[in-house]
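K.L.:
For this one, chain A is given, so just place chains B and C on it according to the hints.
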Amino acid sequence: MARWGMVIDLDRCTACQACVVACQVENNVPPAGSVDAARGRAISWLRLVPLDGREAHGTRPALRLVPLPCQHCDLPPCTPVCPVYATQKDEEGFVAQIYPRCIGCRYCTTACPYTVRDFNWRRPEWPAPMEQSLSPDVSVRPRGVVEKCTFCHHRLQLARDQARAEGRPLREQDYVPACVQTCPANAMAFGDLDDPRSTVARLSRSPRAFRLLEELGTGPKVVYLSKGEWGA
Amino acid sequence: MASGTGANEGVAGVSRRALIAGLVAGAAIGSAVGLTWSGPPAAVTQPVAFDHRLHVREMEIACATCHAFAPPAPFSGLPETETCASCHAEPLGTSLEEAKVVAASKSGARLAWAPLQRVPRHVFFSHRLHTEAARIACDDCHPAFADARAPPPRVPPIRMSDCLRCHERVGAPTRCTACHR
Amino acid sequence: MLGRRRFLGWTVGAAAGAAVGGGASAGLRALFASAESPIVPPRGPERVVLSVCDLCSGGCGVRVRMVGDRAVRVEGNPLHPVSGGRLCPRGQAALQALYHPDRAEGPLRRRGPRGDLSSFVRATWDEALGEIGARLAEIRAAGRPEAVVLMTGGGGAGLGPRVARRFLSAYGSSNHVALHRGDEAAAIALLLAQGVRTAPALDLQSADYVLSLGSALLEAWSAPVHATRAYGEFRRGRTGRRGKLVHVEPRLSITAVSADEWIAVRPGTEGVFALGVAAAIVGEGLHSKPFVAERIAGLEDERDADGRMRPGLRSVLAQRYRLEQVEAETGVPGDVILRVAREFASAGASLAIGPRKGPILPGRLFDHLAAGVLNALVGAVDAPGGLLVADEPPLPAWPPLPGGVSAAGRARPRLDGAGAERPLLASDPERLAEAIRARAPYRAEALLLLDADPVFASAAPEAFAAAIEDVPLVVSFAAIPDDTALLADWILPGSHYLERADLHTTPAGVPYPLVSLARPALPRPVRDARPAAEVFLELARRVAPELAAALPWKDLDALLHWEMEGLHAARRGAVMGTAFDEAFVRMMEGAGWWAPGYRTAAELWTRAHESGGWWDPFYDHGDWRRVLRTASGRIELRGDLLAPPPAAPDRDGTLALLLFEPLPIAGGTGAELPFLQAILDPGHEAHWETWAEIHPDTAARLGVADRDWVRLESPRSSLVARARVTARVVPDAVAVPVGLGKRGGGRWASNIGANPLRLLAPTRDPLCGLPDFGATRVRVMRARRPNGSA
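Chains as they are written, first to last, in the numbering used here: chain A, 3 to 234; chain B, 403 to 583; chain C, 11 to 800.
Okay, chain A solo, but in the shape it has when bound (with noise of 0.2 angstroms):
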């Protein structure tokens, strides 16, 4: 089976935002007002977390703004904690939220070192006819459950049955999340990472990569490309 994982390249990254609101877009997330975003209520999937770069000349930037979804970790540290069994690694390594289970307890939230997981603490709503846009694969959430970056795992399953139907075996470029198709700067790869011919194990092989919160040995497979040094 795969492993499937992403590679964010930040040499090529110019924090557009374009993934973040793609991802809203494709997953039917109900847009927030200032009065929940004030209270740390929106639900994004995916965010712009700033990082502090070294300065390693003086008048280089010190600030990074790194793309953070769900790292979908081979280790993950929310899963032990679902009393329900909500959520899940799968044999392909989707970290899975299974919203018809969820209670609503929130231990997954707070067991989450990255921080990418979002609680609906109201119904969501889309205000006259702003649902026409909703899109018709991917579930509309309840209040009281958790939510999360899937990879767009609702893409993997049109695209298999698809490949099936046409008898073919699925092929690399067939399913990308939202965000990797939208990035303007190409920033974004995924893939198999066990497959050595993919880009995402070639890139994830790059002396430039590194992954977040290695040493908590969460085992995230999410790889970063670090920026690259002067005129290297």
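Honestly, I wouldn't trust all of these hints.
[As the list claims (entries may be wrong)] Computed, partial: chain A to chain C, Cβ under 10 angstroms:
{"no.": "1", "residue": "A17"}
{"no.": "2", "residue": "C21"}
{"no.": "3", "residue": "V51"}
{"no.": "4", "residue": "A130"}
{"no.": "5", "residue": "D139"}
{"no.": "6", "residue": "A180"}
{"no.": "7", "residue": "Q183"}
{"no.": "8", "residue": "T184"}
{"no.": "9", "residue": "C185"}
{"no.": "10", "residue": "A189"}
{"no.": "11", "residue": "K229"}
[To be verified] Incomplete in silico selection of chain C near chain A, CB under 7 angstroms:
{"no.": "12", "residue": "C98"}
{"no.": "13", "residue": "T238"}
{"no.": "14", "residue": "R246"}
{"no.": "15", "residue": "G693"}
Simulated from the structure, these hints should not be mistaken for lab results. Beta carbons are placed, not taken as given, at the ideal position from N, Cα and C, and that holds for glycine.
P.N.:
For chains B and C alone, coordinates are given in the frame of chain A:
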């Protein structure tokens, strides 16, 4: 029987212990029923009292003739008026129900068929995967129709346990992510 | 044995228990069910429609996924040369604009006081166009067609603005005023240097070293997706070559965050820095001598036609931009200036970019000229990796304009004096506001606003609000009533781009002629809106027969056919296609062949619609007759315009006001869409408010802590914003985003944030007359929180 004294003395001639035991038992049963029982499904009426047995068993029309799939959506499609009109543009018999179909095909009106079973939105289900790749016959999952002389007002819903039973038996994926989204 | 008491106990208990248990659990189930959203996205037949996004001027080709009659997803069209299958956050949020709850229901007529949405009542299109058409016909019949003013804004290069402008000219007025001047300063600099008036295109993906002088290259650029795609390739798209980006600005902008080096100069000194670099290059002889000898004029002193000595760039640099002078003025150490000069001059392909910050903020002409000087010195003009000039797509001419009263009207002087009082300007909205109030040289009798909100997005918002009251007929085409629309007499809601057919020409900053085609995705508009182009065609028919003859198309499709047939006749270019197709066409055209992939006009129509449009990917580098039209036939280094440098205004305890446009709200639009309001400042969670970036030293001096409310006061106005104490801005400045602070714009924009354009001093750029958006200084102090905000 003993008329009790002391702790077992009840209220207005009723045993307190039995009262409490009854309350607990009643509450347990009541809650269980209240939480799970959803009542009979609502009755559904169709615009035309379509005779499946005639068309499927006697005329031997294949299910896919009228229920063409729009892959990969789970909805199998209900027939458009043109499909009916391919045979019933003119009356083939004398039934009043057929007359409704003939009228609709002449006027181009849509027949507002009402679906009896719906896949919940949090489930990914591909009809073509099951009918084409897995070669499951339609009435394995939808037994209520092929022999019905008139459209059933209700059918039992297909539950996840029904899907799992077959999936486990044939070795199809049973992990949550195979179907949930 | 069950006694009577026990039996009764059990029975009563069970009944009571069941009632309570059943009731409570059923109630609980109802509670759970109420948590479910009632919205279930329906299904339906699916199809794909190709269109062109117009949420900015970038012109990205898009693919729209339709489920039934609903648009559920917009993605980039992979075959489109601008978007390449990608989209920016604005493009992704397009569906929120399409299905926005606050879109005007239909034509609205004002019946009450100005400035209130409740003053408007519904009218039919027939009523609206009947009355407006009659009024316009009256004005024209009275011999005053010049009294009608058209203001256009930033909605891309679609047919709406083109038809509107043609209507105005045919009608008999030359008062077309463009509100968004983001490309103006760069275009004027190009005009002065090369004699060509257009926004320069940058070949970023082939450059090796980019010196960004305060530009918003990776933010609200003129074609953001195109520029960001090129940036990705510039960094990691070429094996063994990694481009270097150096950004010079008093603020750590988003572009600066991506740069290899951020050089924090004092406010307003980017151009001085650039000329310091130029001085070092010339002084050390590092400029490209063959290129300079062959293509440059004005490096050395010369005698002009009157026999006077005109100082050349060399003397100007040696006199006014010596290392120690530049160091003192910019605050940048001399060794950094020297290093950058040597890097810039010795890199393979270097490119300097001037401070265009967004559709509203063009930057100063001086700074753009300085960038042009650097490019000229290293030969980065019309070369790979350098500054390019896009060719126009060979679209056919439109029918001739009527003469008579129309010609007389067109000949009258423009109200805004652009091209006359201020000869270098194409448009002067602030002067227009003054002229309207002064009623001189004549009275404005009608103002038509297409994608333009001058009461919000000009450098003189209050002047416009006052001026509009004096115009008898004000018509806005805003889909969601904006600040200017609230003051108008009529709102004729324009359709969303997904609701109409359209044709877009080359977006500013893209080097290839392009014609992008859009089909309507929805069978009918969500509200009773119409494409502005069709409204103008209808008005032409209603006003006068000679206008109908000048605009003879009955609808957008007819006009599209006209355009595409002319394009076919030009015998150039090809339909959009894959990378292979692009390479093939380039190769063939480079050898002088035309290999279009279509034969008849009908074939062009079909295949262009299937792929997204037509383009000509072949850029003929070094075609000097096309890109150089100065009198000397050479690139002019205007040393005379570069000395003295602009004077720094007095400090006296104030801070320089640095304005910038975050991409989500650039051009004064975007705040209406909640997904865009939520991403204004990446790395911070709050958003949804106007903030003011203050350096920690300055904040300490002012007694301001992070997230305090502060008041910014200028001689003109004041506003309250949330303080962000950060070292991202130099101590002498305060940085405030532009794009919030609207009164209109619907529930997610209205009364959120504050508009810093109201603070602007009425200073003009001394060289060309554009408003100087960087010349204002403000006093900053702690304040109480503004009313009604979180």
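K.L.:
Holds or violated: is there a CB of chain A closer than 7 angstroms to the CB of C98 (chain C)?
P.N.:
5 angstroms, holds
K.L.:
Hint check: is the beta carbon of T184 (chain A) less than 10 angstroms from a beta carbon of chain C?
P.N.:
Since the shortest Cβ distance to chain C is 5 angstroms, the answer is holds.
K.L.:
Min Cβ distance, K229 (chain A) to chain C: is it shorter than 10 angstroms?
P.N.:
Nearest chain C Cβ about 8 angstroms off; hint holds.
K.L.:
Taking the closest Cβ pair, is C185 (chain A) under 10 angstroms from chain C?
P.N.:
6 angstroms, holds
K.L.:
Have a go at the D139 (chain A) hint: is there a Cβ in chain C nearer than 10 angstroms to its own Cβ?
P.N.:
Hint on D139 (chain A): holds, closest Cβ of chain C at ~8 angstroms, below 10 angstroms.
K.L.:
Hint validation: V51 (chain A) versus chain C, beta carbon distance must be below 10 angstroms. Holds or violated?
P.N.:
6 angstroms, holds
K.L.:
Closer than 10 angstroms between Cβ atoms is the bar; does A17 (chain A) clear it against chain C? Give me holds or violated.
P.N.:
It holds, given that the least Cβ distance between A17 (chain A) and chain C is near 5 angstroms, below 10 angstroms.
K.L.:
Could you check if Q183 (chain A) really has its C-beta closer than 10 angstroms to a C-beta on chain C?
P.N.:
6 angstroms, holds
K.L.:
Per the CB criterion, is T238 (chain C) less than 7 angstroms away from chain A?
P.N.:
4 angstroms, holds
K.L.:
Given G693 (chain C) as an interface hint, is its Cβ closer than 7 angstroms to any Cβ of chain A?
P.N.:
4 angstroms, holds
K.L.:
Are A130 (chain A) and chain C close enough, Cβ to Cβ, to be under 10 angstroms, as the hint says?
P.N.:
6 angstroms, holds
K.L.:
Closer than 7 angstroms between Cβ atoms is the bar; does R246 (chain C) clear it against chain A? Give me holds or violated.
P.N.:
Holds, because the Cβ-Cβ distance from R246 (chain C) to chain A comes to roughly 5 angstroms (cut-off 7 angstroms).
In this structure, every one of the numbered hints holds.
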